[in-house]
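Spelled out from the first residue to the last, the chains are:
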Amino acid sequence: MSKNRKLFTIVSLVLVFVVMLSFSAVQYSRAEKYKTTTESSYVRAFYDLVQNVTDVETSLSKAVLASDSYQLVKIATELSHQSAFAISNLGQIPLESEPLEKTSRFLSQVGDFTYSLALKHADGSPIEESETESIKNLQKYAASLSEALNDIKEKLGSGELTFEQASGEKLSMLSESFNNIESKNFNNYPSLIYDGPFSEHVNTMQSIMLASERTVSQEEALVIAMGYLFNNIEMAYVGQTDGKIPAYIFSGDSDKCHYYVEISKSGGKCVNILCSRSFGEPTIATEEAIAIAKNYLAKVGYKNMKESYYETSGGCVTANFAYEQNGVVMYPDLVKVKVALDTGEIAGFEAKGYLMNHRDVRTLSGVIISSAEATKHISKNFVIENVGLAVIPTEYGDEKYCYEIKGAYNNKNFLVYVNTQTGREEDILLLVHSNNGVLTI
Amino acid sequence: MKDIKTKLACFLLAFTIMASFISYDTDKTLFALSKIGTQSDEVVAIQRRLKQWGYFYGNVDGVYGSQTASAVKKFQKANGLNPDGVAGNATLAAIGLPTGSTDSSNTNVNLLAMLINGEARGEPYEGQVAVGAVILNRTRHPSFPGTIAGVIYQPGAFTAIQDGQIHAMMEANSLRAAKDALNGWDPSGGAIYYYNPNTATNKWIRSRPIVTVIGSHIFCN
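Sequences listed follow chains D and A, in order.
For the first sequence, counting from 1, position 315 maps to 315 in our numbering; every step adds exactly one.
For the second sequence, counting from 1, position 206 maps to 206 in our numbering; every step adds exactly one.
In short, the hints are calculated from the structure, not lab data.
Glycine is no exception: its CB is placed at the ideal position from the N, C-alpha and C atoms.
Treat the hints with care, as some may be off.
Computed list of lysine-lysine pairs in DSS-like fashion (alpha-carbon distance at most 27 Å, straight line) [to be verified]:
| no. | chain 1 | residue 1 | chain 2 | residue 2 |
| --- | --- | --- | --- | --- |
| 1 | D | Lys155 | D | Lys184 |
| 2 | D | Lys400 | D | Lys303 |
| 3 | A | Lys51 | A | Lys77 |
| 4 | A | Lys51 | D | Lys412 |
| 5 | D | Lys412 | D | Lys400 |
| 6 | D | Lys6 | D | Lys33 |
| 7 | D | Lys102 | A | Lys203 |
| 8 | D | Lys244 | D | Lys184 |
| 9 | D | Lys244 | A | Lys203 |
| 10 | D | Lys376 | D | Lys412 |
| 11 | A | Lys203 | D | Lys184 |
| 12 | D | Lys256 | D | Lys294 |
Covered stretches of chain D (chain A as the covering partner; in silico rule of three or more C-beta atoms under 8 Å from a C-beta of chain A) [to be verified]:
| no. | segment |
| --- | --- |
| 13 | 77-89 |
| 14 | 235-243 |
| 15 | 250-264 |
| 16 | 306-315 |
| 17 | 343-354 |
Next up, chain A with everything else stripped away, as it sits in the complex (with noise of 0.2 Å):
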C-alpha cells in the first residue's frame, strides 16, 4: 500500500513539473477608465469604432457625454459583455483598442516605463529617469534607431529584454520615472550608454567617456 503511495506521489510530482512548464500570461495593470465626463485621445478612437459600426450617431469629440455612454452600453449588450457604460479593459479589448494607458496620450509611456521597471528596480528614483532618458536619446541620436520601441528591443541592447524582467511586477516608480523622463527630465547628463560595472562583461562599453553615476549604473557617452 505504501509503494501505490509513493507512485502515486511520482505521478503527481511528474504532472506538477509538467505543469510548471505551461506559461501563462496575467495583467496586473490597471489604469483610468473611460466613463462619462472623461475626454482624451481614447475617448475619439471609441467613438469612431462605435459609429463605424452604427452604435454611435454623435459627433467623434474626444467628449464621453451621455450619447458615448449609451452607445457603449448597446455596444456591451451586444456582446455578452455587463453594460455598466464605462469602457473597461473587457470592452476596450473588444472593441479592438489597446488596453492601457488613457492617462496620457502618448501610447509610448507604457513601454518606456516597462523597460525602466525591468532594468532598473530598486534603483534610486534618479537613476529610473536616467535609464528613461537613455532610451529617449538613443531615439534622436544618429547612431540608434528612431523610435521607443525600435531602441528598447533592438536585439541584444537591454537584459530586461532578454531575461524577460520587462514584464515584472510594475512598481508605481517605475511610471512616474517614465512620465518625467517624457516631459525631459534627463539625470543622465545626455548619456546613449548605461552599465552595472559589477555585472557588465562587454570590454567596449567600460572605454566610453563616463559623465555620471547614479546608484549602481554608470552613465556613459
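Only chain D is shown next, with the shape it has when bound in the complex (with noise of 0.2 Å):
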C-alpha cells in the first residue's frame, strides 16, 4: 500500500513536472519569436532611416544646382516624402535617452525650408545666393548623418552593436551612438526662419494683442475669473503658468462640476476654461445651445464674433466664432465655447487663437482681383453658392486676406480660399455636415 502510495507521489509529480516544462518550453520559444519580431521591425527602421537620409542628401545635392521654381517644386516635394518618411523611422527605433532634438529638427525643416523657397519663387524670380547658401549648409549636415548613420549600420551587421535595450541607468550602445551624432554632427546646427511651419519663430510667437496691456495682479485676476462662471462659485488660486500666454490658474467645485480657468497676466483675459463632470440626456437643441454660446460671448465681452463650425460629441455642442471687421471675417481670431446640452450651461471656453492674434482694426489693403476673377479658375463643376471675404491664418504665423467660396462638388461641400492679391488659391477645406456637426477638414 504504502509502495504504491510511493509511486504515486512520483509519477504524479514527474507528470507535474513535464507539464511545466512543455509549458515554459513554450513559452520561451513564443518570447524568442516575439523578439525576433519586434527586433525585426527596429531593424527595418533603421535600415529605412539610413536610407530615407541618403535619399535627402541626394535630393539636397541636386536642390544646389536648381535655377528655377519649377525645379525646386519637384525637389521639395521629393525632400518633403523623405523627411516624413525619415522621421517616422527614426520615431520607432528604441532610444532610451534623451531626445534627438536636433537631428529630428534637421530632418524636419529640410522639406519644409525647401518647399517655402519653391513657394516663394513660384512667380518666376530667379532663386537668391544666400538662399542657395541654406540649402548647401543643408546638405552638409544630411553628408554628415548619412555618413554617422552608415556607420551605425555597419556596426550592426557585425554585430557590434544590438538593438537590445540596456538596462538600468546604462545606456545601450545604439543610444550612445544616435547621442553622439547629436552632440557632434548638430552641434552648431543654425535656426532657419522661413514660411513654414517648421520654421523656429513658430514657436516663439508672442500675443499681439496682449502684448501692451498691463499686468493685472492675483486678486483682480480672481474677480474677472469668477466674472466668467456666472454662478457665484468659490473659486481659489491653485498656480500659474508660464507657457505662450503667462496666466493665473483658478479652480473650484460646484455641487456637480469642477471648474478649471485660467486669466492672462498682462491683460486679465480668459485663456481658457475647462469643466468636468458627467453630461446627461441632452434637453436642448444644438441651435438653441449656440444661441447661449453666443449670448456668453456678449456677456464677457466679445463683439462682432460670428458663429462658423460646431461640433456635438459627448453631450456638449463645441461652437466657434470669429471676430468679424466689417463683413470680413477674422478666422485667426478664434474663440470656442463648450455648451452643455443637458442643461444649457457653458461647459468650457478657449480663446487662445484669439488672445494671440486679435487686433480691433487690420489693416487691409484693397482687394486687387476681383470675385469675378477670383471664381473664374474654379472648377467648372464647382458650383458656387456663395462668396465672402475672409483672412485666413496660415501654419508659419502669418495672414492671408481672401475671397471665401463656399460651394458644392460632386455633393460634397467646400470652401475655397483665393487670395485677393495674388488670385492664387491658398487653401480648400471640405465641409462635413453630419448629425454630430458641421466641421472643416
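Put the two chains together into one complex, using the hints given.
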C-alpha cells in the first residue's frame, strides 16, 4: 500500500514537472519569436532611415543646382516625403536617451524649408544666392548624418551593436551612438527662419493683443475668473502657467462640476475654462446651445463674433466663433465655447487663437482681384453658393486676405480660399455636415 | 486518502498557475451604433463596402436610410449574424471596418483617450486634457513624429505603453479629455514634455524649463 502511494507520488510529481517544463518551453519559444519580430521591426526602421537620409542628401545636392522654381518644387516634394519617412522611422528606433531634438528638427526642416523656397519663387523670381547657401549648408548636415548612420549600420551588421535595450542607468551602445550624432554632427545646427510650419519663429511667437496690456494682480484676476463663470462658484488660486500666454490658474467646484480657469497676467483675459462632469441626456437643441454660446460671448465682452462651425459630442456642443471686421471674417481670432446640452450651462471656453492674434482693426489692402476673377478659375463643376471675404491664418503665423468661396462639388461641400491680392488659391477645405455638426477638414 | 487530496490540490494549483499565463483580451468599450437615421463617415464606409459586394444599390451618401438598413440585413443574413439592420460591432467586424468611435470622424480620439487613460487616470481633469495636449503639441513640433500614433508609440516615450496601462479600463473622463484636447484646449501651456517628480528617474527631463504644474505632473518644454 505504502509502496503504491510512493509510486503515485513520484509519478504525479514527474507528471506535474513534465507539464510545467513543456509549458515553459512553449512560453520560451513564444517569447523568442516575439523578440525576433520586434527586433526585425527595429532593424527595418533603421535600414529605412539610412536609406531616407541618403535620399535626402541626394535631393539636396540637386536642389543646390536648381535654378528655377519648377525644378525646386519637384525636388521639394521629394524631400518632403523623404524627410517625413525619415522622421517616422527615427521615431520607431528604441532609444532610451534624451530626445534627438536637433537631428529630428533637421529632418523636419529639410523638406519644409525647400518647399517654402519653391513657393516663394513660384512667380518666376530667381533663387537668391543666400538661399542656395542655406541649401548647401543643409546638404552638409545631411551628408554627415548619412555617414554617421552608415557607420552604425556597419556596426549592427558586424554584431558590434545590437538593438538590445540596456538595463538600469547605463545607456545602450546604440543610444550612445545616436547621442554622439546629436552632439557632434548637429552641434552648430543653425536656427532657420522661413515661411513654413517648422520654422524657428513659430514656437516663439508672442501675443500681439496682450503685449501692450498692463499686468493684473492675482486678486484682480480672481474677480475676473468668477465673472466668467456667472454662478457664484467659490474659486481659489492654485498656481500659474508660463506658457505662450502667462496666466494665473484658479479652480473651484460646484456640487456637480470641477472648474479650471486661466486668466492671463497681462490684460486679465480668460485664456480657457474647463469643466469636468458627466453630461446627461440632451434637453436643449443644438441651435439653442449655439445661441447660448453667442449670448455668453457678448456678456464677457466679445463683440462682432461670427459663428462658424460646430461639433456635438459627449452631450456638449463646441461652437467656434471668429471676429468679424466690416464683413470680413478674421479666422485667426478664434474663440470656442462649449455648452452642455443637458442643462444649457457653459461647459468650456477657449480663446488662445483670439488672444494671440486679435487686433481691433486690421488694415487690409484693397482687393486687387475681383470676385469674378477669383471664381473664374475654379472647376466648372463646382457650384458656387456664396462668396465672402475672410482673413485666414497660415501654418507659420502669417495671415492672408482671401475670398471665401462656398460651394458644392460632387455632392460634397467645400470652402475655397482665393487670395485677393494675387488670385492664388491659398486653401481648400472640405465641409462635413453630419448629425454631429458641421466641421471643416 | 488525505495525501491524494493534497496531490490533487497540487495539480489544481499547477494548472491554475499555467492558466494564468494565458492572456486574454476583452473588449470593454461601447460606442454609438450606426442605425437608421445615422449620418456619418462610418455610414459612408459601410455603404461603399456593401455596394462593392452587391448588397447595396443606392447612393453612397452617408445617410443610413431604409435602403442601407435592408442591405445591412441582407449582409447579416448571408454571414450568419442576427439580421437586425443595425451595424453593431460584430457586423462592422464582418464588413471589415474598425469597431469603435462613430462619435467623431477622427479615429484618433480613441487612441488619444487610451493614452490619457493609461497615463493620467486619477489626475485632475485639466491634467488629463494637458496630457492629451502634450501629444498634440508634439505632432506639430519639428523634433517629434508628425502623427498621434507615431508620438504615442515612439519607443520609451510613455510608460503607459511599456507597462500596458494604455489598455486599462476606459474611464469616461479620459474620452472627454481627449475630445477637449483635440478641440484645442491646452492647459499644458504648449508643453512638449511632462513627468511625475516622484517617479521620474531621467535627470535630463528635470533640467527642462517648467511651464506649469497640474496634479502630480510637471509640464515642461
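Please count how many residues of the segment 343-354 of chain D have a CB within 8 Å of a CB from chain A and say whether that reaches 3. With 4 residues in contact (Cβ-Cβ under 8 Å with chain A), the coverage given for the segment 343-354 of chain D holds.
Does the alpha-carbon distance linking lysine 102 of chain D and lysine 203 of chain A stay inside the 27 Å limit? Given that 27 Å is the threshold and the Cα spacing comes to 19 Å, the pair holds.
Given pair status - lysine 77 of chain A, lysine 51 of chain A, alpha carbons within 27 Å: It holds: about 16 Å lies between the C-alpha atoms, which stays within 27 Å.
Take the C-alpha atoms of lysine 51 of chain A and lysine 412 of chain D, compute the straight-line distance between them, and say whether it is at most 27 Å. holds (19 Å)
Proximity test - 8 Å, beta-carbon atoms, the segment 77-89 of chain D to chain A, at least three hits: Since 3 is at least three, the answer is holds.
CA of lysine 155 of chain D to CA of lysine 184 of chain D, is that 27 Å or under? holds (19 Å)
Coverage claim, chain A over the segment 306-315 of chain D, checked by counting residues with Cβ within 8 Å (three needed): Held - the segment 306-315 of chain D has 3 residues with a Cβ nearer than 8 Å to chain A, which meets the minimum of three.
Between lysine 244 of chain D and lysine 184 of chain D, does the CA-CA distance stay at or below 27 Å? violated (31 Å)
Tell me if the straight-line CA distance from lysine 400 of chain D to lysine 303 of chain D falls inside 27 Å. Since the Cα atoms of lysine 400 of chain D and lysine 303 of chain D sit roughly 22 Å apart, the hinted pair holds (cutoff 27 Å).
Going straight from one Cα to the other, do lysine 376 of chain D and lysine 412 of chain D come out at no more than 27 Å? holds (20 Å)
Please verify the coverage claim for the segment 250-264 of chain D: does it have three or more residues whose C-beta sits within 8 Å of some C-beta in chain A? Answer holds; 4 residues pass the 8 Å Cβ test.
Does lysine 6 of chain D pair with lysine 33 of chain D here, judged by a C-alpha cut-off of 27 Å? violated (40 Å)
The structure shown violates the earlier hints numbered 6 and 8.
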